[in-house]
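*Asks:* Residues per chain, in single letters:
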Amino acid sequence: MIKTLAKSIRENKLPSILTLVFIMGEVLIEAFIPRITAGLVNNIETGAAMSEVLKSGLLLIALALVSLGCGSIAALTCAKASAGFARNLRHDMFERIQRFSFSNIDKFSSTSLVTRLTTDVTHVQMSYMMIIRTAIRSPMLLIFSVVMAYTMGGALATSFVVVIPVLICGLWFVSQKAMPAFKRVFKKYDKLNESIEENVRGMRVVKGFSRENYEKQKFANAADGITDDFTKAERIVALNTPIMQFCMYFNTVVILLLGSYLVISSSGAKVNMGHISAMLTYGVQILMSLMMLSMIYVMITISLESMKRICEVLKEEPNLKNPENPVFEVKNGAIQFNNVNFKYNENAKKFALENINVSIKPGMTVGIIGGTGSSKTSLVQLIPRLYDTTEGAVLVGGVDVRDYDIKTLRDNVAMVLQKNELFSGTIKENLRWGNEDATDEEIIAACKLAQADEFVTTFADGYDTYIEQGGTNVSGGQKQRLCIARALLKKPKILILDDSTSAVDTKTDALIRKGFKEFIPETTKIIIAQRIASVEDADLIIVLDNGKIDSMGEHDELLTTSNIYREVYEQQTSGGDSDEQ
Amino acid sequence: MSSNSGPRNLPKGVSATRKFNGNALKRTLKMLWQSYPALLPTALCCIIFSSIVATMPAIFNQKILADIEMFYRQGDWAGAKEVIIPKIIILASLYLVSLLAVFAQTQLMAYITQGFLGKMRKIVFNKMQTLPIKYFDTNKHGDIMSHYTNDIDAIRQLISQSIPSLIQASIIVCTVFFIMLWYSVWITLVVVAGVFLLFLVTKKVGGGSAKYFIRQQKSIGKAEGYIQEIMNGQKVVKVFCHEDKSIEAFDKVNNELYEDSRKAHAYANILGPINMNIGNILYVIIATVGGLLLLGNVWNLSLSGMALSISIVIPFLNMTKQFTGNVNQVSQQINSVVMGLAGAERVFELMDTPAEVDDGYVTLVNAIIDENGNITETENRTGTWAWKHPHGDGTLTYTELKGDVLLENVDFSYVEGRPVLKNVSVFAKPGQKVAFVGATGAGKTTITNLINRFYDIEDGKIRYDGINVNKIKKSDLRRSLGLVLQDTNLFTGTVMENIRYGRLDATDEDCINAAKLSGADDFISRMPKGYDTELSNNGSNLSQGQRQLIAIARAAVADPPVMILDEATSSIDTRTEAIVQSGMDSLMKGRTVFVIAHRLSTVKNSDVIMVLEKGEIIERGSHKELIAQKGKYYSLYTGAFELE
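Chains V and G are the protein sequences, given in the same order.
Going letter by letter, the first sequence gives residues 88 to 668 in our numbering.
Going letter by letter, the second sequence gives residues 20 to 663 in our numbering.
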């Protein structure tokens, strides 16, 4: 995992290393300072000449300034390294996601990807910063301080022998106990928040069924449980402060007691008063760095989860790859399905598509009809190679789709998705997704064909109208027509409409189909629809049921041969009374 | 209406005005005090005691060092022992008591904080249950949720950290300041001057950091917005081979975020070394000034009247660090107290939002009706209900619940001045099926919102079995109306539990029967765990159509005399709809049903169809009549208009 993440450090290696170097400098000085102050104190105490006092004073100030310099540089390089690392992580993840195939995309929900790219990266950024700044600093400060304390304080330093293990054990105990407790309770806490969100979303249901009191009771139970768990966990963590203070206090008492004995019994020969104050400072430094270490430990464990989630994205291998020596030209819009079986997941028991054999000539209009779950979408997604077949082959223009350059194939097979999206930007910008270099005339022509021009021109800003995120400022029918126009701009050899006119009225729907026939006769058109009216004049209608082809043929033919087709047709045209039309 | 889409909001509080809110503080403390009248003062005493003890080493150091100074030249440990040991014993015992106090304080605060947060969560949730639907329609769900996450978290920070630290640091600052004055006013002045300098520098650097943190927050928002958009449309990106373009655009926002983040953290990181080293320099200055004063034998001004000696200068050195550290602490904590209070304030805002008023007094009771039509109230479920209507003169009347709904000349608007319904009248006789048809925004859903009083009408009257709905207790009114909405909301739990939501005392058999009636039983029993299948995340493991079937079963188990189906079958494909149609028909039999549907085949067999346009009923009649009229309905039916 670390290896995967470390790949994203790249140009931030230098600032990271510089941070370590300067931090080391800072720590060295920091560890020396108490020693020099001890000398200073002793100078004052023994009534040395003022020049001596000033000399060590100036030395100290100089050291402090150097330490300030080191610290500041480290602060800057550290910020740069960690922010840069985060930027690279985001870039790498985003790029990887762009390379995902549809089946890769299906594995992650879009909200989870957003969290991975934002919150999770921030967590990693923080712990990276923590690691390069403190992970080296604390142990070094610890070691230096211990060494300094021993070389200077001698016997006085024995107090550390007691205090350090006590603190380590204490902190270890607390973090070992607290972390699993917190992990558990945070999971529950997330669940609680989810159920609150559910409640907020479903407030009409709650109120509609007068379930307010029931919900209150349910919530109270869950909330009380969580409060208990949180209290338990927090009380363990609350032990940290007394443990730390115990060590501090113990250290102070021992050093004062032992110190005064040593100073007096040796008349200041072995140990002097400066030493006592220096030892007290080292004591604080040592205990503080231990405290920091335990914090780092906690921080890293917290961000482990985030790291895992980021790695999942970075390690996800796009499972559709361009072939070697790809074909860069699609000859025509012929489509052939040869014994195609398909399932979304290797482990799935059931095929989503079974035994599909279809042959479509260039320029044909093909309608696909079937209930929800009959795999209509799955079928057409195989044509632009959004998924690969499990068995069998799909041929476009006589060539297996797996032999094409993916971009070439998709530029020639335009698909208007069922769940379609417009992006924030003007209408023109959105349409140019189909063809970057499209002229205004081409854009207008495509929109006319998709019956979009008529409403676009009624907007005050016409083709420069700004589309809000998610296309919320155009109606469903308008959005669908813009999406069709966008696909038309590709000038594709095959055009697939996956239930793309469901919100368009039947008259406009018919006009669109008429336009297709007239203006793009060579393009093969595949239309998935709920409405029989949208497909009844197609050259070929495929009726899908449960992943299998139930029947195929023209409208009149199917009315006699296909029960499903007839059923749907009757349901849509007649209903209760039959004398209305 | 209600939506949590749209551009992402910045977390509240980031750009919130940083003003100290005394009221919120008072209210928080008052609630805290009322919740823990004994524990809170105990914890407070412990905090005060342990903070004072934290300053003790300074005094004892000074005394013991003075003793050492006195004895060490003679090397007379035996003599010194007499003086020093007792002092150390006093110090040790003080420490011991302080440790106990700290232990008690931290444990108590953990207990109090979590207990209080639990209480707040419940208060907020319970309050939320009483709020009118309007609140949920006009506030973003993300914002409502943030009361439970961000705001409660801010309060946690406030109680468990900010306030105790503030108290602690303030006490330490005062005590240390006093002790310093006790020893020497001169040196104290030097310390104060140094602290002032430190304060200026940190304020400047800290200000820069705050500025960039806010900018970082904004860039995160921007990046998140872009990521969200692309992730939602990822398949479109693939289909149009737009991957490289989107990476390019992402890199732009990503770089902005990097710049702001780098600057924010650089400023923040630099604070540490500055604090530390100004502390060090101050240390040197004190030592030098102390040394100079000692050497020069300068007269000492102090509260104690002590002369200056080395045993005073040394504790001063340590006190300087303690003093600067805690002054820093105070200024930081004031900041976080302000932020915490902003969270508390938002919670209070929610708590102060007026609750839904329910002054209805007509209630729904189980009833037995004899052959003569006399109604008697009973405790047990009989399958028949009656409205219990107490009158001003103390008499009680009972009216059978039949499902007769009448809207007379109703006017309504969500926002004043923008009428949504104008002079709408609807008559639904018991057992009738009434359909509403019209474009989005024509006011179809609004009518149903008024019948169950999610909103109150402006003018006109709504009568239910002849009773003005304003007189009926809201919960009883709603119990008598089964609701199936377009956005099905299922709750985490088993399928069975979700169906039982309609009637809590329904047996498993009742639930299964309801599922059979609504046509849901078929797919439920085909799932491996059947009715025990766990649903989560709004039933994301089911198709939209299956969710709708469960929602219909949920309404069916309640067995209400009136049902409102708002696009209830919109996501069931026409073929499946045809299959569940018989179930739906038997479900609707004998009930008054209001149907809103986009698909006209769903409403065709209604007794009355109302065509709504811009809040007015422009056509009404049966399917046959409306087709014959060749008006709006006719053109809709023949597909000449689109509904959306």
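These are calculated hints, taken from the structure and not from any lab test.
Just so you know, these numbers come straight off a predicted model, no measurement behind them.
Even glycine gets a Cβ: it sits at the ideal position worked out from N, Cα and C.
Treat the hints with caution; some may be incorrect.
[Unchecked claim] Some chain V residues flagged as far from chain G (calculated, every beta-carbon gap over 12 Å): (1) Arg271; (2) Gly361; (3) Glu399; (4) Asn425; (5) Ile607.
[Unchecked claim] Below, a sample of chain V positions facing chain G; criterion: calculated Cβ distance under 7 Å: (6) Ser138; (7) Val140; (8) Leu204; (9) Tyr384; (10) Met502.
*Asks:* Hints first: check each against the structure and report whether it holds.
*Replies:* Verification of the hints:
1. Arg271: Check passes; 15 Å lies beyond 12 Å.
2. Gly361: violated (8 Å)
3. Glu399: Its Cβ never comes within 12 Å of chain G, the nearest being 15 Å, so this holds.
4. Asn425: holds (24 Å)
5. Ile607: About 18 Å separates Ile607(V) from the closest Cβ of chain G, which puts it past 12 Å; holds.
6. Ser138: violated (11 Å)
7. Val140: Holds, about 4 Å.
8. Leu204: Result: holds, 5 Å to nearest chain G Cβ.
9. Tyr384: Since chain G brings no Cβ nearer than about 20 Å to Tyr384(V), farther than 7 Å, the hint is violated.
10. Met502: With a closest approach of 5 Å, the Met502(V) hint holds.
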